[in-house]
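Asker: Each chain is listed here by its residues.
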Amino acid sequence: MKTWNGNLLSEEISNHIENSVVNSNEKDVYIEVEKIYLVMKFLKETSGFSFDLLSSVTAVDYFDHFEIVYQLKSLITLTKATIKVKLGFGRKNEPEIDSVYSIWKGADFQEREIYDLMGIKFNNHPNMKRILLWDGFPGHPLRKDFVTNSQSMVPDLKEK
Amino acid sequence: MSVKSEPITINLGPQHPSTHGVFRMRVTFDGETIIDLEPIFGYLHRGSEKLAEERTYTQIVTLTDRMDYVSSMLNNQGYILALEKLAHIDPKPRGVWLRMIASELQRIASHLVAIGFLIQDLGAWGTPLTYAMREREKILQMFEMLCGARITNSYLRPGGVFMDAPIQFWDALSEFTEHFPSKIEELEKLLSSNEIIFSRTKGIAVLTAEQAINASITGPILRSTGVNWDLRKSDPYDYYDQVDFNIPTHTAGDNYARYILRVQEMKESLSIVKQCVEKIEPGPVRPHHDETPNLVKPPVGDCYSAIEGSKGELGFYLVSDGSISPYRWHVRSSSLINLTLLKDMLVGTLFGDLFVTFGSIDINMGEVDR
Amino acid sequence: MFEFIYNILENILNLFVSEFKFQNYILTFIAGALSAFIVINAVLGGVLAAIWGERRLLGKFQQRSGPNRWGPMGTLTSVADAVKVMFKEDIVPEEADKYIFNIAPLLLVVPVFIIFSVIPFGVGLYAVDINVSALFILAITSISGLSIICAAWASANRIAIFSALRSVAMLISYEIPVGLSLVGILLISESMSVMDIVIFQKVPFILLQPVAAFVFFLGSLAEINRTPFDLTEAESELAAGYQNDYSGMKWGLFYLGEFAATIAASSVFSTLFLGGPNGPFLPGIFWLTIKVVAVWFVIIWIRATWPRFRIDQVLNLAWKGLFELTLVNIVVTSISVIIWTDSDPNRLLYIALFNWIFTVPFVFIIIRLLKTKDYVEIKEPSLIYPVGSEIPKFEKVGK
Chain A
171 MKTWNGNLLS EEISNHIENS VVNSNEKDVY IEVEKIYLVM KFLKETSGFS FDLLSSVTAV
231 DYFDHFEIVY QLKSLITLTK ATIKVKLGFG RKNEPEIDSV YSIWKGADFQ EREIYDLMGI
291 KFNNHPNMKR ILLWDGFPGH PLRKDFVTNS QSMVPDLKEK
Chain B
6 MSVKSEPITI NLGPQHPSTH GVFRMRVTFD GETIIDLEPI FGYLHRGSEK LAEERTYTQI
66 VTLTDRMDYV SSMLNNQGYI LALEKLAHID PKPRGVWLRM IASELQRIAS HLVAIGFLIQ
126 DLGAWGTPLT YAMREREKIL QMFEMLCGAR ITNSYLRPGG VFMDAPIQFW DALSEFTEHF
186 PSKIEELEKL LSSNEIIFSR TKGIAVLTAE QAINASITGP ILRSTGVNWD LRKSDPYDYY
246 DQVDFNIPTH TAGDNYARYI LRVQEMKESL SIVKQCVEKI EPGPVRPHHD ETPNLVKPPV
306 GDCYSAIEGS KGELGFYLVS DGSISPYRWH VRSSSLINLT LLKDMLVGTL FGDLFVTFGS
366 IDINMGEVDR
Chain C
149 MFEFIYNILE NILNLFVSEF KFQNYILTFI AGALSAFIVI NAVLGGVLAA IWGERRLLGK
209 FQQRSGPNRW GPMGTLTSVA DAVKVMFKED IVPEEADKYI FNIAPLLLVV PVFIIFSVIP
269 FGVGLYAVDI NVSALFILAI TSISGLSIIC AAWASANRIA IFSALRSVAM LISYEIPVGL
329 SLVGILLISE SMSVMDIVIF QKVPFILLQP VAAFVFFLGS LAEINRTPFD LTEAESELAA
389 GYQNDYSGMK WGLFYLGEFA ATIAASSVFS TLFLGGPNGP FLPGIFWLTI KVVAVWFVII
449 WIRATWPRFR IDQVLNLAWK GLFELTLVNI VVTSISVIIW TDSDPNRLLY IALFNWIFTV
509 PFVFIIIRLL KTKDYVEIKE PSLIYPVGSE IPKFEKVGK
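Chains as they are written, first to last, in the working numbering: chain A, 171 to 330; chain B, 6 to 375; chain C, 149 to 547.
Derived by calculation from the structure, the hints in this document are not laboratory data.
These numbers were taken from a predicted model, which means no experiment stands behind them.
Just so it is clear, CB atoms sit at the ideal spot from N, CA and C, and this is done for glycine as well.
There could be a bad hint or two in this list.
[As the list claims (entries may be wrong)] Here are some chain C residues pointing at chain B (derived, C-beta under 7 Å):
| id | residue |
| --- | --- |
| 1 | G207 |
| 2 | F209 |
| 3 | Q210 |
| 4 | R306 |
| 5 | P455 |
| 6 | R456 |
| 7 | R458 |
| 8 | T520 |
| 9 | I532 |
| 10 | Y533 |
| 11 | V535 |
| 12 | S537 |
Excised from the complex, chain A in its bound form (with noise of 0.2 Å):
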């Protein structure tokens, strides 16, 4: 299976669809979050890119942004790619993104954990609840700022 340059990738989309690649480097592809549909839509319809099956949905913290990362597979010409989505600078207000559940189904369950652990809304999304958690959970605990008790199994060695 061959894996898709971000360069490459990342020209090809902004060919179709303007103004939506921020940068991209040899991997992965970063897009705008408002035209997070139209690529999608884009790179599952057209012929030579075609990707079917939609690995994984996963969402990262860094502290000052959050970003949502999908794994694309195509069945149908063997590539793969990955694309990355930066969004909620700043940490102001709850962060939100289009839902691509309309696009592939698969992405179901796993918005909705999005959503309970990192508490980032997807819009369009028929059934926004917590799925892990107990509704009424306070805070989403995989944020950086939801500090537990538990004590750190990290050896407090100095690197050699």
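For chain A, the structure is supplied; the task is to place chains B and C on it using the hints.
Answerer: Chains B and C in isolation, oriented as in the chain A frame:
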């Protein structure tokens, strides 16, 4: 004259003999026909992803064991491959062959659990289940020889495996590979000649290939709908491109196809084990700590890598910030995503088909909830 | 047995006192109570042995040892079970209907014991001899459906009602084939009394009426809620169904009733179709025991190996399969009884041959009709989904 009837909602609660763990479903019936279903889970959520941010890279191997507790070696293998890709560690050949043997044996054990519990749920009061468990017992005894633990074995390390296999292991393995084919024949004959099993599983809960791919379903369920997709062949990792095996595929997409597929996959796993035993050569199983320190410190960056677990695509996403514990660790769990289409498969069938279909998806709650 | 005890008591009484007014009623009551006591104890002894035997036999089928702790080879396990069940706390749910909740186990157990009063254990060893006892047995077995409904409704539990309704639908559907399969026997033996049927069976009826025996066996498996028809207590689905809310001795009565019903079904089958206590050399009671144990073994064997049906498949089998077979059997038997009358010396041989030739093919026709349709598998998976059929854009452009 029309009779007024009302749908009834019952709660098949977290404690139930057949839900393979703590899984709750709220089902609405009209007579015996299912018209709505809502799965509720999260009863086994232990916060593995947050716990991983406070452990070193080697300590996380123990966390991966306990996710899908029926297939620990495969979870270990998925994580170690992601770590090796991120930290650019070269694995030792003997370690790679040993971990392939362990993974394929673990796949056989996991499929035995799935098939045995299917027939138990269908109502044969435990007789085929005890036969399947008897074979799994032999595999677990072999794992005990390898690493000291039967189920939650943290056997793999970055660059290879933990310890070399003792001599008793090779003897036990050759005995197992001799006797196991006849047991698979027994199971296959039982599943393919019993009229009651046919009538309970054929033609029920059919999935098409487009539906399955759209819902990101992978593993035996996808292969039963006719798509020839296995990550060991399409995106080979370890030394899977040096061994010769087939991928069984069926096109029916119903319960029966999903079960008979697992029996055939066990045969293929056994042939992979035999080839690995022939090709293995002596050598170190783990890199020396001068080459690769025990406290692994990968460079800054991220990576995603996936293996073919026993239930589908098992992927790990690692983000590293250069220190000895990861910044973010995420598991793409196959069981959670395979549950996406549970409602669509079951609406319109009868109550008697509920647990048979649920068992054919073969989920494990440790992986769904992490 | 009843007459025997009555006569003995009358003789003993007449030694002391002369005839008085209500002697008949009092003696009937005492003699009846004594013979019922003997029958019930015999059956309970059989049930204790059956509980141990079934669990141990299931263990042998599953390549493990059954109970082996209490007594030599675990023979006292039933006693341990009974003691444990008696000492458990008796819980009644708050919303339950108390009177019906308490009566339901009794309604299950009592009819099973009543069946044993008409079965002959040997020549002259029977409790009563009613001249319509075959019909009596059929009538009494249908009371158990009432007990299941009472148990489920009184528990105020939705899942219990599910399982009870399934069970009642199954019971009602299977009574008809079971009843009609006995018509063939009644035509040949010309009497409805079980004693007369046993005396008639120089040749066991299973050879004269194979299809009727087959239908009767399956139907009685359905009536006692045994695998493959045990969907009421499908443990893996409903976790014991209508018995869910019972604890203590009331549950013990349900448990006992199920085992006693198995023995009752095997006894009725061996009396009506296998000849009961008939047989050379050994006294009648040994032959009956051997036959009952053989049929009971087959029932346990089926339990250990077959999975269970779904409710719509069960009802299909009753109405579309077994019902037609019994109708065919009645037609064929009545024709053969008219053609070869009493005066023919080889009458039974001709009837047997006629029956075998004309009814057994129908069994295969019904099997053909009710089989699951096999689907056609497409052998070319690439027609289903085109994996790897396109070239990615970066290769097309040539970079």
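Asker: Hint Y533 of chain C vs chain B: min CB-CB distance below 7 Å?
Answerer: Given a least distance of 4 Å, the restraint on Y533 of chain C holds.
Asker: Min Cβ distance, R456 of chain C to chain B: is it shorter than 7 Å?
Answerer: holds, 3 Å
Asker: If you take the shortest Cβ to Cβ gap from R458 of chain C to chain B, is it below 7 Å?
Answerer: Where the cut-off is 7 Å and the nearest Cβ of chain B is about 4 Å from R458 of chain C, the hint holds.
Asker: Can T520 of chain C be said to touch chain B, with a Cβ gap under 7 Å?
Answerer: holds, 4 Å
Asker: Double-check P455 of chain C for me: the hint is only fine if its C-beta lies closer than 7 Å to a C-beta in chain B.
Answerer: Holds. Min distance 4 Å.
Asker: Holds or violated: R306 of chain C as interface residue toward chain B, Cβ cutoff 7 Å?
Answerer: holds, 5 Å
Asker: Measuring from the C-beta of V535 of chain C to each C-beta in chain B, is the shortest one below 7 Å?
Answerer: holds, 6 Å
Asker: Verify the interface restraint on G207 of chain C: the C-beta must sit less than 7 Å from at least one C-beta of chain B.
Answerer: violated, 10 Å
Asker: Please verify that hint: I532 of chain C, Cβ, nearest Cβ of chain B, below 7 Å or not.
Answerer: holds, 3 Å
Asker: Holds or violated: is the Cβ of F209 of chain C closer than 7 Å to a Cβ in chain B?
Answerer: Holds - the Cβ of F209 of chain C comes within 7 Å of chain B, reaching about 6 Å at its closest.
Asker: Minimum Cβ distance from Q210 of chain C to chain B below 7 Å?
Answerer: OK, holds: Q210 of chain C within 7 Å of chain B, min 5 Å.
Asker: Is the interface hint satisfied for S537 of chain C? The criterion is a beta-carbon contact with chain B at less than 7 Å.
Answerer: Nearest chain B Cβ about 12 Å off; hint violated.
Comparing the model with each numbered hint stated earlier shows that hints 1, 12 do not hold.
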